[in-house]
Amino acid sequence: MKKSVLGALAVSTMLTPVAAMAQTEVQFWHAFTGRLGELVAAQVEEFNASQDDYVVVQSHKGNYSETLNAGIAAFRAGEQPHILMVFEVGTATMMAAAGAVRPVHEVMAASGADFDQDAYIGAVKGYYTSTEGDMLSLPFNASTPVLWVNRDAMAAAGVDPDTDLSTWQNVDAALTALKAGGEECPLVTAWQSWIHLENFSAYHDVPFASQDNGFAGTDTELMLNGEAQVAHLTAMGQWAQDGKFIYTGRRNEGGANFRAGECALFTESSAGYAGISSEAEFDFDVRPLPYWEGVGNAPQNTIIGGASLWVMEGHEDDEYKGAGQFLSYLSSSDVQAKWHQDTGYLPITAEASAATKAAGFYEANPGTEVAVIQMTANAPTANSNGLRLGSFDQIRGIIDEELEGIWAGDKTAQEAMDSAKERGDALLRRFEAANR
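Following this note's numbering, the numbering of the sequence shown begins with 1464 at its first residue and continues without gaps.
Hints are computed from structural coordinates only; laboratory data are not their basis. Heads up, some of the hints might be wrong.
EDC-like, lysine to aspartate or glutamate: derived pairs with alpha carbons at most 20 Å apart [what the hints assert, rightly or not]:
| no. | residue 1 | residue 2 |
| --- | --- | --- |
| 1 | K1642 | D1623 |
| 2 | K1642 | D1615 |
| 3 | K1642 | D1627 |
| 4 | K1784 | D1515 |
| 5 | K1784 | D1597 |
| 6 | K1588 | D1797 |
Here are the simulated distance ranges between beta carbons [as the list claims (entries may be wrong)]:
| no. | residue 1 | residue 2 | range |
| --- | --- | --- | --- |
| 7 | K1820 | G1500 | 26 to 32 Å |
| 8 | D1797 | R1539 | 34 to 40 Å |
| 9 | N1720 | D1797 | 32 to 38 Å |
| 10 | G1621 | G1500 | 38 to 44 Å |
Ideal placement from N, C-alpha and C gives every residue a C-beta, glycine not left out.
Generate the whole structure from the sequences, applying the supplied hints.
Below is the structure:
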């Protein structure tokens, strides 16, 4: 009897690692740190605990640009992950990467996972679909810019915290009052190109680029030097010179200033909710992104930022099945509703939005529905459907450089945007030639 028990134990011990190895591994590379990184890690842990066939391994690979570059380098070396997070400006680049990516609609169909393309919100889904309407990547963290208000700072400067800030005309007056009231940082921004050019253009229904902002073809040219864009940047340049707008950096450097209570107004992603709600020690609220009254067709709709999840080629069938099951899990109503409520990112399905509303979240947290309404109040036009431009990450770098010239007073807005168009168009021509 003793011998049999020991033998059974030996067999059990030998089988344990084999059983563990039977789980198919799926590598997931992303760009999240801080609170967002913690929430992604929790999603992965919950998926892994929900079944025994697959284990997802999540890895942070740097910021959005660094994660995209890491994925490209890994593919060239034959070491690519199964799932790669790519920010929205990399969409055209990924679409052009023939042989490197497997369309998500194909992955989902082959995996047998629950997947209904019509369940996704149109303004989100349209960014990542082919001309035939098939989803190429899975929308994951979709956000849109809003205006964050430090109510305590407003009150301290003698400005009514409930002041109407729906238009830039009203914001202009508020900035003057804030500065006169002793506020040292009336306005700060994150992601200056995304908010003050790309979304500005969509919200006012004016083109950012030709060919329907790149959706109709790669033979596109930048149109960011139009009258509306130049007028807005001219106003912002004057605010910078007057100390009403404080420039802190190209990405989200201004977020730390706002969360620390150092600034009164902050144009930033709706996804700023995760950090602001957990760190701010002041009374705040969220408002719609302002628009210039009488310019274009404003307010039209803003466009998304954030990222989608792309499935890379070069893996085994059972691994793709695991990738499909994980993506299906991320899209499920309960997971999406919680993600939306925890982060401020948009719910990517109508069902998740409805579940959030039914749970009373919007009523209990005023302002959290602003981004959803702002994105979906009007049907998108050719100017407000999004952007699909090649080499867009590099073009954004050019735009950032030119904007910095405006804030410093070294260039007029017209000079800067004319230069951005000339330099950006050169990159677009190169991309077009490489993808004919």
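So, going through the hints one by one against the coordinates:
Of the supplied pair hints, the one linking K1642 and D1623 holds, its CA atoms being roughly 14 Å apart against a limit of 20 Å. Annotation: proposed proximity of K1642 to D1615 holds, straight-line Cα distance about 15 Å (limit 20 Å). A threshold of 20 Å between alpha carbons decides the hint, and for K1642 with D1627 the separation of about 17 Å falls inside it, so the pair holds. As the CA atoms of K1784 and D1515 are separated by approximately 13 Å, the hinted pair is consistent with the 20 Å bound.
Taken as a hint, the K1784 and D1597 pair is honoured in the structure, with Cα atoms around 19 Å apart against an allowance of 20 Å. For a cut-off of 20 Å, the pair hint linking K1588 to D1797 stands: about 19 Å separates their Cα positions. With their beta carbons about 28 Å apart, K1820 and G1500 fall inside the hinted range of 26 to 32 Å. Between D1797 and R1539 the CB atoms are about 38 Å apart, so this pair conforms to the stated range of 34 to 40 Å.
For N1720 paired with D1797, a C-beta distance near 35 Å keeps the hint of 32 to 38 Å intact. Distance hint check for G1621 and G1500: the Cβ-Cβ separation is about 39 Å, which falls inside the suggested range of 38 to 44 Å.
When held up to the earlier numbered hints, the structure conflicts with none and fits them all.
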